[in-house]
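Colleague: Take the sequences, apply the hints, and build the full model.
Protein sequences appear in the order of chains A and B. With the working numbering, the residue at position 299 of the first sequence is 299, and numbering never jumps. With the working numbering, the residue at position 81 of the second sequence is 81, and numbering never jumps.
Derived by calculation from the structure, the hints in this document are not laboratory data. From the three backbone atoms N, C-alpha and C, an ideal C-beta is built for every residue, glycine too. Among these hints, one or two may not hold up.
What the hints assert, rightly or not - The calculated lysine to any residue pairs, modelled on SDA-like cross-linking and capped at a C-alpha distance of 20 Å, are: (1) Lys-490/A with Ala-480/A; (2) Lys-34/B with Pro-216/A; (3) Lys-70/A with Thr-453/A; (4) Lys-70/A with Ala-195/B; (5) Lys-250/B with Gln-58/B; (6) Lys-192/B with Ala-437/A; (7) Lys-28/B with Ala-292/A; (8) Lys-124/B with Ala-87/B; (9) Lys-2/B with Arg-184/A; (10) Lys-70/A with Pro-188/B; (11) Lys-490/A with Ile-479/A; (12) Lys-2/B with Glu-185/A; (13) Lys-28/B with Thr-206/A; (14) Lys-2/B with Val-175/A; (15) Lys-70/A with Arg-450/A; (16) Lys-102/B with Gly-112/B; (17) Lys-192/B with Phe-68/A; (18) Lys-28/B with Trp-289/A; (19) Lys-250/B with Asn-52/B.
As the list claims (entries may be wrong) - Which chain A residues face chain B? A few, computed with CB under 10 Å, are given here: (20) Gln-86; (21) Pro-87; (22) Asn-147; (23) Leu-186; (24) His-190; (25) Thr-276; (26) Glu-359; (27) Gly-443.
To be verified - Okay, the calculated beta carbon distance ranges per label pair: (28) His-214/A with Phe-12/B: 26 to 36 Å; (29) Ala-165/A with Phe-17/B: 24 to 34 Å; (30) Gly-211/B with Leu-209/A: 51 to 61 Å; (31) Leu-177/B with Ala-436/A: 27 to 37 Å.
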Amino acid sequence: MNENENSSLGGVGAAAPARAAAAARPPSEVSSSEIDASCRVPLLALFGGAALWLVIGLALSLAAIMTFHKPDLFADCAWLTYGRVQPAANDALLYGFCIPAALGVMLWIFARLSRSELALPLVPVVAANLWHLGVFIGVVAILLGDNTGFAWLEFPRGSSVLLFAAFLLIAISAVATFGARRERELYPSHWFLLAALFWFPWIYSTANLFLLAHHPVRGVAQLAVDSWFANNLLFVWLALAGVGTAFYFLPKIAGHPLQSHYLALFAFWTLVLFGTWMGIAASAPLPAWMPALSSTAAALTIVPLLAIVTIASRTVWGSVAGHWRNSPFCFIGSGMDLFLISSLMLIAAACPQISRVTEFTWFGPAQTQLQILGFFAMTMFGAIYEALPRVMGFELPFPKLVRVQFWLCLLGVLLWAGSLASGGIEQGMKLNETSAAFADSTGVVLIFLRAGTTGLLFILLGSLLFAANIFAMTLKWKIALLKSLIAVIKSPLEAGSACASLRRDKEVKS
Amino acid sequence: MKNGFSVFLAAFIALGFSWCGFVLAPVKQLGTAKQTAVLNSSDIYPLQRSGNATLGLQVYRANGCAACHTEQVRQDGVACDVVLTSAGKNPTAVSNLVAALKLTSLTKDDAGAVSDQITAAGGKVETHINATGADIARGWGVRRSVAEDFLYDDPVQPGSLRAGPDLSNIGVRDPDLNWQLVHLYAPPAVVKNSAMPPFRFLFEVRKLAAGDAPSPDALQFPKDFPTPAGCEVVPTPEAKRLAAYLLSLKADAPLYDAPFTSVMK
Chain A
1 MNENENSSLG GVGAAAPARA AAAARPPSEV SSSEIDASCR VPLLALFGGA
51 ALWLVIGLAL SLAAIMTFHK PDLFADCAWL TYGRVQPAAN DALLYGFCIP
101 AALGVMLWIF ARLSRSELAL PLVPVVAANL WHLGVFIGVV AILLGDNTGF
151 AWLEFPRGSS VLLFAAFLLI AISAVATFGA RRERELYPSH WFLLAALFWF
201 PWIYSTANLF LLAHHPVRGV AQLAVDSWFA NNLLFVWLAL AGVGTAFYFL
251 PKIAGHPLQS HYLALFAFWT LVLFGTWMGI AASAPLPAWM PALSSTAAAL
301 TIVPLLAIVT IASRTVWGSV AGHWRNSPFC FIGSGMDLFL ISSLMLIAAA
351 CPQISRVTEF TWFGPAQTQL QILGFFAMTM FGAIYEALPR VMGFELPFPK
401 LVRVQFWLCL LGVLLWAGSL ASGGIEQGMK LNETSAAFAD STGVVLIFLR
451 AGTTGLLFIL LGSLLFAANI FAMTLKWKIA LLKSLIAVIK SPLEAGSACA
501 SLRRDKEVKS
Chain B
1 MKNGFSVFLA AFIALGFSWC GFVLAPVKQL GTAKQTAVLN SSDIYPLQRS
51 GNATLGLQVY RANGCAACHT EQVRQDGVAC DVVLTSAGKN PTAVSNLVAA
101 LKLTSLTKDD AGAVSDQITA AGGKVETHIN ATGADIARGW GVRRSVAEDF
151 LYDDPVQPGS LRAGPDLSNI GVRDPDLNWQ LVHLYAPPAV VKNSAMPPFR
201 FLFEVRKLAA GDAPSPDALQ FPKDFPTPAG CEVVPTPEAK RLAAYLLSLK
251 ADAPLYDAPF TSVMK
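Modeller: Quick look at the structure:
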């Protein structure tokens, strides 16, 4: 990365001297602290809501899994029935946490890489509120039974329109910031993040127009479109945004340049060329060419996966020992490890021989949970902990909790996804064993689901610590803002009273 | 890639290709699908679901039943049985031949060879095709699920997890309306060790005063199921629609792309 970037690494909290330095520079140069300050309000709006949805999503997940501890727990309560809570939890995590967290990180990375202040800073603030309103409407609608019935596209139309508009607004701000960059050359993070900005509007509008319009496509064509959308969002979009973020932060923290530019180009091209064709299940009731093409693409996706892992490990090679106490580094590093595991699970499940066992079992949910709560959430935690203190101009209020959260989230997600995956394999073997009763296949999973609940609890605790840091920071900033506001209001009064006493003095003299 | 436009172009090409492949092509290929003929019959398949069942699909969707139930039967392949229908003019030779040959669970080619041999000896045979696979052995269906099964559904509910059994043929498997409703109200009453959450919010429990006639819709519980005395459980319209939808799930027609021989019982 460039020198300006590196010099800002240690300069957290040194806002005042930096401002003085900025005044001394020619007006075209913008200091890191000014760039960070321009991102402050949009990022707080995006991250605050994301932290809230993370906690809500995990709490809903916990409510959903309770059904497997006691099936009649919510028998009289329609909105807490498993089939409503489960999609609400998934969507709260994906749309409520992952996407806004990634958008906030993207805005900051674009501003930093452009070495210019965030363009149109008011637009993402409005957009963040629209986005979170859209998620709120969507989650409530699912709980009230207004689920659209399409996997990963459960939000009804009213909510989708808000999400789409909000995403476009944020993308406009990000692209305007990108356009104002001072160097023509692009970094690998630029490719991945720009592609992510382009990806979402296309896939989201396609899915909504083909599935939720007045005349949706008919029959299993719906399944094809929904599978395409879900794969492009859950695998490709999350990979683009997460890997792009990691490719920005890993070299910065490790102090080495990305190894290498050309391998990253290769990884980018192969990821977007092969990854987009996955997602059609092997036994889907679709024409046979579709699952066949999809499993071929899954096998080829090993290529970008290996390239990404090679880049990440060669970049941090030799600096792990020096940085393992650095929490953001650990978050992003383990995020990349979990990306490898979850992608390998996805590729394995697309292989026809393995999918005979894993298809229709808990192995699938294990993979998506690992992708969302493992790879993506860990990467975003690291990025937010790295960016937010700079953006706010002061340190995290509870830095020790970050370490606790790291271990809670890592152990939690391994336990949660690990139990679901092993339960899924057991379940699949029982399902294929025709002599075993169906109840056996659900029976063997119960113990795994119950063990996994502990993992989910760990992640929930970790997310509470994350939210505590974010909200304490927001509160501290708001109190500081309020204080300066009071000072501004008070100053003319004080000046006024000074004048009054002067006048009184004059009157006394006369 | 040197500038923003080249990144845009790369993303556009890659996503555009897959959009054409997995969105445009299936919409063109399947979006205009029509009813097809049932094999060896003048019937067409599928028939539009009844009004109540169509409404029931919306209850199924609203309560996320597809979170735990699939409507997709998998199939490994087919096995053929050769059945002797007439021994012809030379019954001794034919019956000796039949006794010497393997007639069940044959591949398509073997079945052809066997029937040729028997026909040459003067007998008459029929070849029956059976779908094979774990799902079919479980009785979840008679053939694999195909695109036609979902023709009239909006939204389609294929599901992706079997926390509960597959439902593509539930209307054939458990055609009793009362059984379906009791199962929705209290799954353990009819299925031992059921992990399904009860859907009591789809039912109304009414007090019955002494001498009142029970509602004709009231659920008939199994004898060993403890029901509160002096009360009856009546399904709401939603529960009735959901049950009508479940009973309408019958993927049991032999089709050109998923053939099998239906045997009259």
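Colleague: Hints first: check each against the structure and report whether it holds.
Modeller: Results for each hint:
1. Note on Lys-490/A and Ala-480/A: the hinted pairing holds, with a Cα-Cα distance of about 15 Å set against a maximum of 20 Å.
2. Using a Cα cut-off of 20 Å, the hinted pair Lys-34/B and Pro-216/A holds, with the two alpha carbons roughly 16 Å apart.
3. The hinted pair formed by Lys-70/A and Thr-453/A meets the criterion: a straight-line CA distance of about 13 Å does not exceed 20 Å.
4. Proposed proximity of Lys-70/A and Ala-195/B is supported: the alpha carbons are some 9 Å apart, at most 20 Å.
5. Distance restraint check for Lys-250/B and Gln-58/B: the Cα-Cα separation of roughly 18 Å lies within the 20 Å cut-off, and the hinted pair is therefore satisfied.
6. The suggested pairing of Lys-192/B with Ala-437/A holds, with an alpha-carbon distance near 11 Å, which does not exceed 20 Å.
7. Pair hint Lys-28/B plus Ala-292/A holds up; C-alpha atoms about 19 Å apart against a cutoff of 20 Å.
8. Between Lys-124/B and Ala-87/B the alpha-carbon distance is near 6 Å, which keeps this suggested pair within the 20 Å criterion.
9. Distance hint between Lys-2/B and Arg-184/A is fulfilled; the C-alpha atoms sit about 8 Å from each other, no more than 20 Å.
10. Between Lys-70/A and Pro-188/B the alpha-carbon distance is near 13 Å, which keeps this suggested pair within the 20 Å criterion.
11. Note on Lys-490/A and Ile-479/A: the hinted pairing holds, with a Cα-Cα distance of about 16 Å set against a maximum of 20 Å.
12. A hinted pair counts as satisfied when its Cα atoms are at most 20 Å apart, and Lys-2/B with Glu-185/A qualifies at roughly 6 Å.
13. Annotation: proposed proximity of Lys-28/B to Thr-206/A holds, straight-line Cα distance about 15 Å (limit 20 Å).
14. For the hint pairing Lys-2/B with Val-175/A, the CA-to-CA distance comes to about 16 Å; that is within 20 Å, so the pair holds.
15. With a C-alpha separation of about 11 Å, the suggested pairing of Lys-70/A with Arg-450/A holds against the 20 Å cut-off.
16. Between Lys-102/B and Gly-112/B the alpha-carbon distance is near 12 Å, which keeps this suggested pair within the 20 Å criterion.
17. Among the hinted pairs, Lys-192/B with Phe-68/A is consistent with the structure: their alpha-carbon atoms are about 16 Å apart, no more than 20 Å.
18. This hinted pair checks out: Lys-28/B and Trp-289/A have alpha carbons roughly 14 Å apart, not beyond 20 Å.
19. Restraint check: the Cα-Cα separation between Lys-250/B and Asn-52/B comes to about 15 Å, which is no more than 20 Å; the hinted pair holds.
20. Checking Gln-86/A against chain B: minimum C-beta separation of about 5 Å stays under 10 Å; hint holds.
21. Checking Pro-87/A against chain B: minimum C-beta separation of about 6 Å stays under 10 Å; hint holds.
22. Residue-level restraint check for Asn-147/A holds (minimum Cβ-Cβ distance to chain B is 6 Å; threshold 10 Å).
23. The interface hint given for Leu-186/A holds, since its Cβ lies 6 Å from the closest Cβ of chain B, which is under the 10 Å cut-off.
24. For the restraint placing His-190/A at the interface with chain B, the shortest Cβ-Cβ distance is roughly 7 Å, inside the 10 Å limit, so the hint holds.
25. The beta carbon of Thr-276/A is positioned within 10 Å of a beta carbon in chain B (closest approach about 4 Å), and the interface hint is therefore held.
26. Checking Glu-359/A against chain B by beta carbon gives a least distance of about 8 Å; that is within 10 Å, so the hint holds.
27. A least Cβ separation of about 7 Å between Gly-443/A and chain B falls short of the 10 Å threshold, and the interface hint therefore holds.
28. Between His-214/A and Phe-12/B the CB atoms are about 28 Å apart, so this pair conforms to the stated range of 26 to 36 Å.
29. Range check, Ala-165/A to Phe-17/B: Cβ separation about 28 Å, and the 24 to 34 Å hint holds.
30. Distance hint check for Gly-211/B and Leu-209/A: the Cβ-Cβ separation is about 60 Å, which falls inside the suggested range of 51 to 61 Å.
31. Take Leu-177/B and Ala-436/A: their Cβ atoms lie about 30 Å apart, and the range 27 to 37 Å holds.
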